[in-house]
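Based on the provided sequences and hints, a complete structural model is requested.
There are 2 protein chains.
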Amino acid sequence: MTGIAAADGLEVRLSFNQITADPYGMRDVVDACVQHGVKTISVWRHKVDELGLEATAGLIRDAGLGVSSLCRGGFFPAATEAEVASRHEDNVRALEEAATLGSPLLVLVCGPAPDKDLDRARQQVVEGIAALLPVAERLKVKIGIEPLHPVFAGDRSVIVTLAQANEIAECFPASLVGVVVDVYHVWWDPCVYDGIRRAADRILGFHVSDWLVPSPDPLMGRGLMGDGVIELRRLRKAVEAAGYFGPIEVEIFNRDVWAMPLDDLMTKVKERFVAHV
Amino acid sequence: MTGIAAADGLEVRLSFNQITADPYGMRDVVDACVQHGVKTISVWRHKVDELGLEATAGLIRDAGLGVSSLCRGGFFPAATEAEVASRHEDNVRALEEAATLGSPLLVLVCGPAPDKDLDRARQQVVEGIAALLPVAERLKVKIGIEPLHPVFAGDRSVIVTLAQANEIAECFPASLVGVVVDVYHVWWDPCVYDGIRRAADRILGFHVSDWLVPSPDPLMGRGLMGDGVIELRRLRKAVEAAGYFGPIEVEIFNRDVWAMPLDDLMTKVKERFVAHV
Numbered sequence: 000m001t002g003i004a005a006a007d008g009l010e011v012r013l014s015f016n017q018i019t020a021d022p023y024g025m026r027d028v029v030d031a032c033v034q035h036g037v038k039t040i041s042v043w044r045h046k047v048d049e050l051g052l053e054a055t056a057g058l059i060r061d062a063g064l065g066v067s068s069l070c071r072g073g074f075f076p077a078a079t080e081a082e083v084a085s086r087h088e089d090n091v092r093a094l095e096e097a098a099t100l101g102s103p104l105l106v107l108v109c110g111p112a113p114d115k116d117l118d119r120a121r122q123q124v125v126e127g128i129a130a131l132l133p134v135a136e137r138l139k140v141k142i143g144i145e146p147l148h149p150v151f152a153g154d155r156s157v158i159v160t161l162a163q164a165n166e167i168a169e170c171f172p173a174s175l176v177g178v179v180v181d182v183y184h185v186w187w188d189p190c191v192y193d194g195i196r197r198a199a200d201r202i203l204g205f206h207v208s209d210w211l212v213p214s215p216d217p218l219m220g221r222g223l224m225g226d227g228v229i230e231l232r233r234l235r236k237a238v239e240a241a242g243y244f245g246p247i248e249v250e251i252f253n254r255d256v257w258a259m260p261l262d263d264l265m266t267k268v269k270e271r272f273v274a275h276v
Numbered sequence: 000m001t002g003i004a005a006a007d008g009l010e011v012r013l014s015f016n017q018i019t020a021d022p023y024g025m026r027d028v029v030d031a032c033v034q035h036g037v038k039t040i041s042v043w044r045h046k047v048d049e050l051g052l053e054a055t056a057g058l059i060r061d062a063g064l065g066v067s068s069l070c071r072g073g074f075f076p077a078a079t080e081a082e083v084a085s086r087h088e089d090n091v092r093a094l095e096e097a098a099t100l101g102s103p104l105l106v107l108v109c110g111p112a113p114d115k116d117l118d119r120a121r122q123q124v125v126e127g128i129a130a131l132l133p134v135a136e137r138l139k140v141k142i143g144i145e146p147l148h149p150v151f152a153g154d155r156s157v158i159v160t161l162a163q164a165n166e167i168a169e170c171f172p173a174s175l176v177g178v179v180v181d182v183y184h185v186w187w188d189p190c191v192y193d194g195i196r197r198a199a200d201r202i203l204g205f206h207v208s209d210w211l212v213p214s215p216d217p218l219m220g221r222g223l224m225g226d227g228v229i230e231l232r233r234l235r236k237a238v239e240a241a242g243y244f245g246p247i248e249v250e251i252f253n254r255d256v257w258a259m260p261l262d263d264l265m266t267k268v269k270e271r272f273v274a275h276v
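Just so you know, the protein sequences line up as chains A and B, in that order. Per numbering that gives the first Met the number 0, the first sequence runs over residues 0 to 276. Per numbering that gives the first Met the number 0, the second sequence runs over residues 0 to 276.
Derived from the structure by calculation, the hints contain no laboratory data. It cannot be assumed that every hint is accurate.
Since the list can't tell identical chains apart, any single copy or any two copies may satisfy a pair.
Here are the computed lysine-lysine pairs in the DSSO-like style, where the Cα-Cα straight-line distance is at most 30 Å [stated by the list, open to error]: (1) K46 with K269; (2) K236 with K115; (3) K139 with K267; (4) K267 with K115; (5) K115 with K269.
Below, the structure is given as structure tokens:
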């Protein structure tokens, strides 16, 4: 963890999730963070492949950046035992990568059902997390369950509310398993503030972007903070009231954002972060 | 109500929601229902404008069809008192139209927030429904709160879960206000079966379609029953276990479905209904 204290200002808590600059390589994003005074990044596994794991870890370390999380593990539900085992092995590798990168957290996107049986798929998520616990404990990497927006229930995650993520997390030690609150995924939920209060010491991450109206595309249409309808500050205050003062990741999937020159993008992200989060 | 008994077969409960044949006029849809032995239709207000209210009511009555619902009232949250009043007047007209058409039910799409304040918008929904009760009682038309999928939280409805719809409905007499369960809107919800049990004698409608994977478009990409991932039969059995044996509306917004010749569409809808619902 990056050792951010509650007394620090907001800006120092900005963590740049590298998917926000998807067209750019790892070196470019690390350089841009350094140039713009961003202290922390969130790393995606497929981006680590560019330079390799050890070189990426060295690059980030040498730049003096902290890592807030590695994206992503999960995708537990599967139709066969062989597939379940293969997903487990991949999640073990993800935990090992997180440890090497100095990330305290592996973010889970839990995966869709292989068929129509949501109950069984949700049970497989619990079983999948349980199987990872010894590895997480040994590597000192926490597991963060990120509920996704219900629009992704069919193809990305059977875990779709914070209540559900809390319920699963509470099956396991708080020292190992918690939840990740992404405003884009939870803002619509009439129970979101209850969920944040309940999560309390299990909140392991907080992600910001915005929900545009009309929504151009659920996957690729996230907005920059301030361009949409999410009560960002209220949500940030709520996670703080629940005790979370860790990094706040800016994570935006949006082709228009991706088309921006990286320098302009970083400037805009910082401005919007301070103004709206 | 169409007087369907629990002992009747499933097919007799099929109600054709006319939006499923959006390109076709009222006369065409009424004729197609008669030809295909469909006993009940659900009517949209903008379609009533084609022939006018009285003529539409006469057409449906003369064809011997029942009306399961009128779509739609609602859209309560608004920024000004004048706008709130204008929405109320429109909803009163909708209840009057429902009564004239012989519809026992007005379906509510509750509307988005006029700003970022979801709490206030949700309160305006409760206030808006309260204001309609005397009219609903006088006209003997029930009000059905339809929670929409959270993907529509920004632009169509701040009511996004069955739990929320139940909570609002329970503020009012069960003789006047209930909920409408549309599988497309609620299938993803880990609490949906709890919500159906809790709704019990307040379930006023049950709508079927399917959630395609990948989802081509949240608004216009609904599937025909059987083409997606929703556990349709399980949900139908659940609403029956809660006491609902009324009409089951087939309501599909999908340009490919709309492109079908009406005769083929009716045949397909009936086949899929019996096979999958």
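Outcome of the hint check:
Only within a single protomer do K46 and K269 lie at most 30 Å apart by alpha-carbon distance; the minimum there is 23 Å, versus 49 Å between protomers. Only between protomers do K236 and K115 lie at most 30 Å apart by alpha-carbon distance; the minimum there is 16 Å, versus 38 Å within a single protomer. For the identical chains of this complex, K139 and K267 are neighbours neither inside a copy (34 Å) nor across copies (56 Å), given an alpha-carbon limit of 30 Å. Taking identical chains as interchangeable, the C-alpha atoms of K267 and K115 lie at most 30 Å apart only when they sit on different chains, with a minimum of 22 Å there against 42 Å within one chain.
Taking the closest pair of Cα atoms, K115 and K269 come within 30 Å of each other only across two copies (22 Å); inside a single copy the shortest separation is 42 Å, beyond that limit.
In summary, the one numbered hint that this structure violates is 3.
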